[in-house]
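As you go down the protein sequences, you meet chains A, B and C in turn.
Take the first sequence: its position 36, counting from 1, is numbered 36 in the numbering used here, and each next residue is one higher.
Take the second sequence: its position 83, counting from 1, is numbered 83 in the numbering used here, and each next residue is one higher.
Take the third sequence: its position 114, counting from 1, is numbered 114 in the numbering used here, and each next residue is one higher.
Hints were generated in silico from the structure; no laboratory data involved.
A quick note: this is a predicted structure, and the numbers were derived from the prediction, not measured.
Possibly wrong hints are sitting among the right ones.
Same chains, same names: a pair is fine if it fits in one copy or spans any two.
Stated by the list, open to error - In silico DMTMM-like cross-links for lysine to aspartate or glutamate, where the CA-CA straight-line distance does not exceed 20 Å:
| hint | residue 1 | residue 2 |
| --- | --- | --- |
| 1 | K21 | E73 |
| 2 | K120 | D50 |
| 3 | K120 | D33 |
| 4 | K21 | E99 |
| 5 | K112 | D33 |
| 6 | K112 | D3 |
| 7 | K112 | E73 |
| 8 | K120 | E5 |
| 9 | K120 | D32 |
| 10 | K21 | D62 |
| 11 | K112 | D50 |
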Amino acid sequence: MDDIEALKRLKARYCRTLDTKDWDGMRPIFADDAVVDTTGSGGGVITGADAFMTFLREHLADHVTVHHCHMPEITLTSPSTATGIWAMEDRIRWAGGGELIGFGHYHETYEKTGGTWRIKTTTLTRLRLDMTEPAP
Amino acid sequence: MDDIEALKRLKARYCRTLDTKDWDGMRPIFADDAVVDTTGSGGGVITGADAFMTFLREHLADHVTVHHCHMPEITLTSPSTATGIWAMEDRIRWAGGGELIGFGHYHETYEKTGGTWRIKTTTLTRLRLDMTEPAP
Amino acid sequence: MDDIEALKRLKARYCRTLDTKDWDGMRPIFADDAVVDTTGSGGGVITGADAFMTFLREHLADHVTVHHCHMPEITLTSPSTATGIWAMEDRIRWAGGGELIGFGHYHETYEKTGGTWRIKTTTLTRLRLDMTEPAP
Numbered sequence: 001m002d003d004i005e006a007l008k009r010l011k012a013r014y015c016r017t018l019d020t021k022d023w024d025g026m027r028p029i030f031a032d033d034a035v036v037d038t039t040g041s042g043g044g045v046i047t048g049a050d051a052f053m054t055f056l057r058e059h060l061a062d063h064v065t066v067h068h069c070h071m072p073e074i075t076l077t078s079p080s081t082a083t084g085i086w087a088m089e090d091r092i093r094w095a096g097g098g099e100l101i102g103f104g105h106y107h108e109t110y111e112k113t114g115g116t117w118r119i120k121t122t123t124l125t126r127l128r129l130d131m132t133e134p135a136p
Numbered sequence: 001m002d003d004i005e006a007l008k009r010l011k012a013r014y015c016r017t018l019d020t021k022d023w024d025g026m027r028p029i030f031a032d033d034a035v036v037d038t039t040g041s042g043g044g045v046i047t048g049a050d051a052f053m054t055f056l057r058e059h060l061a062d063h064v065t066v067h068h069c070h071m072p073e074i075t076l077t078s079p080s081t082a083t084g085i086w087a088m089e090d091r092i093r094w095a096g097g098g099e100l101i102g103f104g105h106y107h108e109t110y111e112k113t114g115g116t117w118r119i120k121t122t123t124l125t126r127l128r129l130d131m132t133e134p135a136p
Numbered sequence: 001m002d003d004i005e006a007l008k009r010l011k012a013r014y015c016r017t018l019d020t021k022d023w024d025g026m027r028p029i030f031a032d033d034a035v036v037d038t039t040g041s042g043g044g045v046i047t048g049a050d051a052f053m054t055f056l057r058e059h060l061a062d063h064v065t066v067h068h069c070h071m072p073e074i075t076l077t078s079p080s081t082a083t084g085i086w087a088m089e090d091r092i093r094w095a096g097g098g099e100l101i102g103f104g105h106y107h108e109t110y111e112k113t114g115g116t117w118r119i120k121t122t123t124l125t126r127l128r129l130d131m132t133e134p135a136p
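Using the sequences plus the hints, can you model the full thing?
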């Protein structure tokens with residue numbers, strides 16, 4: 001499999017493990033020092049893969065989520081680094097009843113270590129973010 | 001075209017022929033002895049491509065459908081076999097007025113015979129399945 | 001990057017520049033004499049990339065749009081020509097408040113000149129097109 005296909009699968013695995021709540025399957029997707037910027041969605045910047053996993057378990061584990069990513073634009077910037085832009089749509093159905101439907105783009109960087117690609121940084125920008133009551 | 005790209009196109013063709021009701025175009029996508037497991041959507045297990053075509057003609061031909069598949073994770077397991085996972089979203093607008101909106105994953109196996117890839121088995125698991133009245 | 005991947009990125013760039021209103025980034029995506037057929041959505045046939053850019057700036061610049069394309073079926077028909085079919089979903093939130101949600105397929109041709117792929121023709125057929133009031 002070539003690097004571009006491997007990077008597409010990496011993001012596919014992120015969405016699948018997120019929506020199936022397979023946290024152990026998700027952890028290796030991220031570099032240990034990964035930085036996740038959720039400010040576009042009203043959140044903060046989370047530094048470190050373990051911290052992000054804690055964040056996800058606390059905020060999404062109890063809710064039904066759907067994350068779909070589309071039309072990747074992946075650029076290999078060296079044999080071990082790459083960038084990617086993905087269009088995305090996400091839906092969260094909070095256990096309490098309200099829903100979030102959002103659209104935007106992931107802007108990401110990747111690094112390859114020990115033959116394995118991982119997400120190094122990811123920033124989610126938003127085109128739209130709709131909420132229905134009750135909020136979580 | 002490489003095998004992974006060919007398998008992506010195979011699933012694309014499935015969704016397109018389904019939503020455009022091109023049943024003749026769809027039949028060759030499936031191995032003769034294909035097994036389609038729809039238990040995750042409240043249906044049954046359908047054995048045989050011809051039986052599945054009959055099922056589709058009976059259940060979906062008169063309704064407006066949209067099937068979108070995303071972020072394939074395809075693995076070649078031998079020169080003539082492969083597996084795939086696809087995230088998916090489907091919408092059915094029943095002729096009677098109600099709608100179904102669903103999200104989930106297709107878990108599939110493929111086989112290559114005579115130089116052509118076909119779907120051998122497909123199982124649809126669900127994250128969400130919403131219905132609006134009236135039911136079909 | 002191979003031609004099929006380059007063509008996938010071309011369409012990705014179209015959707016991204018459209019939804020982020022990056023009109024200067026979009027113009028090189030189209031051949032000068034590109035033909036855009038929007039009759040399936042109730043519009044007309046627009047001839048010429050510059051005319052299409054004018055159309056987009058007039059009709060979509062002030063509204064929040066989301067265009068997602070899926071499951072490309074790309075065929076190289078010569079070293080410098082190709083065809084493509086993409087499933088699509090688009091959402092427009094008009095500044096006045098109404099919304100459009102549509103589903104369909106882009107049927108496209110591409111040409112490569114000076115080493116760069118561009119969209120030569122694009123026709124959007126529709127499976128569904130829903131509008132909520134107020135209309136734009």
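Exercise. Using 20 Å as the alpha carbon limit, work out where K120 and E5 are close: within a copy, between copies, both or neither.
Key: Cα proximity of K120 and E5: one copy only (17 Å, versus 23 Å across).
Quiz item: When no copy is named, should K21 and E99 be tagged within, between, both, or neither for a Cα gap of at most 20 Å?
Solution: Classified as within: same-chain Cα gap 18 Å, cross-chain 27 Å, threshold 20 Å.
Self-check item: Alpha-carbon proximity between K21 and D62, which holds within one copy, between copies, both or neither at 20 Å
Solution: Within one copy only: 9 Å inside a chain, 36 Å across chains, cut-off 20 Å.
Self-check item: Same-copy or cross-copy closeness of K120 to D32 [CA-CA at most 20 Å]
Solution: Within one copy, since 8 Å is at most 20 Å while 39 Å is not.
Practice problem: Since the copies are identical, ignore which copy is meant and state whether K112 and E73 lie within 20 Å (CA to CA) inside a copy, between copies, both or neither. | Solution: both (18 Å within a copy, 19 Å between copies)
Self-check item: Identical-chain pair category, K120 with D50, by Cα at 20 Å
Solution: Intra 13 Å, inter 39 Å, cutoff 20 Å: intra-copy only.
Self-check item: Homo-oligomer pair classification [D3, K112; C-alpha up to 20 Å]
Solution: Intra 9 Å, inter 24 Å, cutoff 20 Å: intra-copy only.
Quiz item: Between the shortest in-copy and the shortest cross-copy C-alpha distance, which are at most 20 Å for K112 and D33: within, between, both, or neither?
Solution: within (13 Å within a copy, 41 Å between copies)
Self-check item: Within, between, both or neither, where K21 and E73 count as close if Cα-Cα is 20 Å or less
Solution: Answer is between: at 17 Å across copies they meet the 20 Å cutoff, but 26 Å inside does not.
Quiz prompt | Up to 20 Å CA-CA - D33 versus K120, copy category | solution = Close inside one copy (7 Å), not across copies (41 Å); limit 20 Å.
Quiz item: How would you classify K112 and D50 at a CA-CA limit of 20 Å: within, between, both, or neither?
Solution: within (19 Å within a copy, 42 Å between copies)
Checked against the numbered hints given earlier, the structure satisfies every one of them.
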